[in-house]
Amino acid sequence: MSIGFLNKSSKERRDMILNGNVLNTMIILTIPMFMMGVVQSLIPFTDGLFLNNNSGYLVAGAVGYSQSVIGILNAVSQGLSVAASAIIGQLYGKGDMEKTKESSLQILILSFAIGIILSPLCVILSYIISKGVSSDLSTYVFTYLGLYSFVLPFLFMASIFNSIKNGTGHPEAPFLRMVILLILKIIFNFIFLTFLDLKVLGAVAASFMSYFIIGVWMYYDLFIKKSDMRLSIKEYKFNFELNKKVLILGIPSILSYVLVYFGFFLINREVVKYGAIVLNASTIASNINSIYFVLPTSVGTTVTTMVSMHIGNEDSKKAKKVFYCGLLISLIIAFSIILIFTPLNPYIVKMFQKDETIMQIANKALFIYMFSVIGFGVFTVEQGAFIGLGRTKMPLLTGIMRIWFLRYIFIIFTQKYLGVYSIFWGNLFSNCMAAFIFLFFVLRVKWVSAIEDL
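Counting with the numbering used here, you get residues 1 to 454 for the letters of the sequence shown.
Note that these hints are calculated values from the structure, not bench results. Warning: the hint list may mix true and false statements.
[As the list claims (entries may be wrong)] Ranges between beta-carbon positions, derived for each pair:
no., residue 1, residue 2, range
1, LEU266, PHE240, 34 to 42 Å
2, ILE332, PHE240, 17 to 25 Å
3, ILE180, ARG230, 15 to 23 Å
4, GLY56, ILE233, 40 to 48 Å
5, TYR347, GLU241, 52 to 60 Å
6, LEU196, VAL445, 52 to 60 Å
7, PHE436, VAL216, 43 to 51 Å
8, VAL445, PHE190, 44 to 52 Å
Yeah, the Cβ is synthetic: ideal placement off N, Cα and C, and Gly gets one too.
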């Protein structure tokens with residue numbers, strides 16, 4: 001990413017995205033998202049390292065098990081961020097700066113308020129979920145989920161912050177936020193897990209302190225820092241029509257993410273049947289694999305930004321070109337990941353655990369996971385195109401089909417023969433099949449905005 005790009009104003013970036021070379025622009029925009037993806041995936045990776053090496057496999061497994069439950073609640077913020085990306089990107093593509101800022105402010109406050117409202121639900125779920133696991137995990141799951149309710153509103157704020165910055169061609173801002181968050185997490189993990197040895201309480205404390213400080217930084221970036229996209233809380237007046245449009249546009253994606261994470265939760269329930277050791281091995285594989293999966297996802301985010309802006313500018317030809325360039329870049333990334341990291345996986349697993357049983361299961365899981373990156377990369381580009389077009393009902397269909405019809409049913413029917421490894425083979429099968437199926441839909445869709453009256 002060139003320094004010249006970082007110094008460009010919002011209007012100059014808009015001109016570059018709309019009128020510049022598609023492939024070059026996509027690479028420039030993807031690099032900070034790519035880097036952010038690496039940093040973002042390093043957060044659960046480093047969390048796993050601290051938990052496994054300081055708190056033991058029981059605490060690490062309980063925290064890993066709880067993540068899918070937190071994901072169900074955080075799915076609301078992710079769904080709202082999808083709507084935000086589509087609306088803000090298309091308004092920005094039209095060049096309407098005032099309406100872009102108004103929409104950004106409305107969606108940000110709506111999301112943060114919903115995060116506060118949902119926090120008590122996290123406490124309620126902590127009691128319910130902890131009753132469904134073994135006694136050696138129950139207390140840790142209850143404590144982690146109950147206390148994580150204090151962190152939840154900041155996750156909502158972060159999701160919309162990313163949408164605002166990505167939608168206006170400033171992908172380096174979410175990257176900087178993620179770098180700061182990673183540094184803070186490492187510092188507070190060391191304090192609360194290594195130095196104070198607070199185990200599950202320390203894991204939550206590290207998250208809360210990190211996200212609270214980041215929340216203050218995001219407020220400064222959006223409301224105090226001088227820029228042509230500076231927001232003003234004093235200008236806020238609840239816009240019923242806009243918020244209604246956001247919710248209508250966001251609900252399909254919210255349902256999609258909820259169903260996806262609920263599917264992950266059910267899959268984790270299948271894993272936990274095999275005991276805490278297998279659960280921990282699966283969590284380690286997921287922590288490592290998250291690095292590989294996040295990389296092609298960055299391309300999908302770029303596709304959303306560029307497609308939405310070209311559609312807002314009524315240039316469907318360039319929007320299609322963005323999609324095909326995204327497929328090419330995603331495939332190159334996926335095959336590079338397989339070639340580079342497959343021989344390194346056993347050494348990475350050893351950083352987490354020295355237990356032979358855990359290492360054996362985690363290594364086999366990772367080998368299968370590696371090849372599912374190909375299908376997942378293509379799938380995220382396809383989703384990025386649909387979101388950029390404002391067709392957010394399609395992610396609902398893809399979420400249901402990929403996790404429920406293709407993965408969960410595969411696991412149920414093959415578990416008798418493959419055991420716990422049916423979960424990892426199900427990941428490979430569902431990602432590749434979903435990519436193939438929804439490529440057909442992308443090729444047949446009308447490349448015009450599905451959002452009315454922007």
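To see whether the hints hold, each was checked on the structure:
no.	hint	verdict
1	LEU266 to PHE240: 34 to 42 Å	37 Å, holds
2	ILE332 to PHE240: 17 to 25 Å	46 Å, violated
3	ILE180 to ARG230: 15 to 23 Å	20 Å, holds
4	GLY56 to ILE233: 40 to 48 Å	45 Å, holds
5	TYR347 to GLU241: 52 to 60 Å	55 Å, holds
6	LEU196 to VAL445: 52 to 60 Å	53 Å, holds
7	PHE436 to VAL216: 43 to 51 Å	45 Å, holds
8	VAL445 to PHE190: 44 to 52 Å	49 Å, holds
Of the numbered hints stated above, the single one contradicted by the structure is hint 2.
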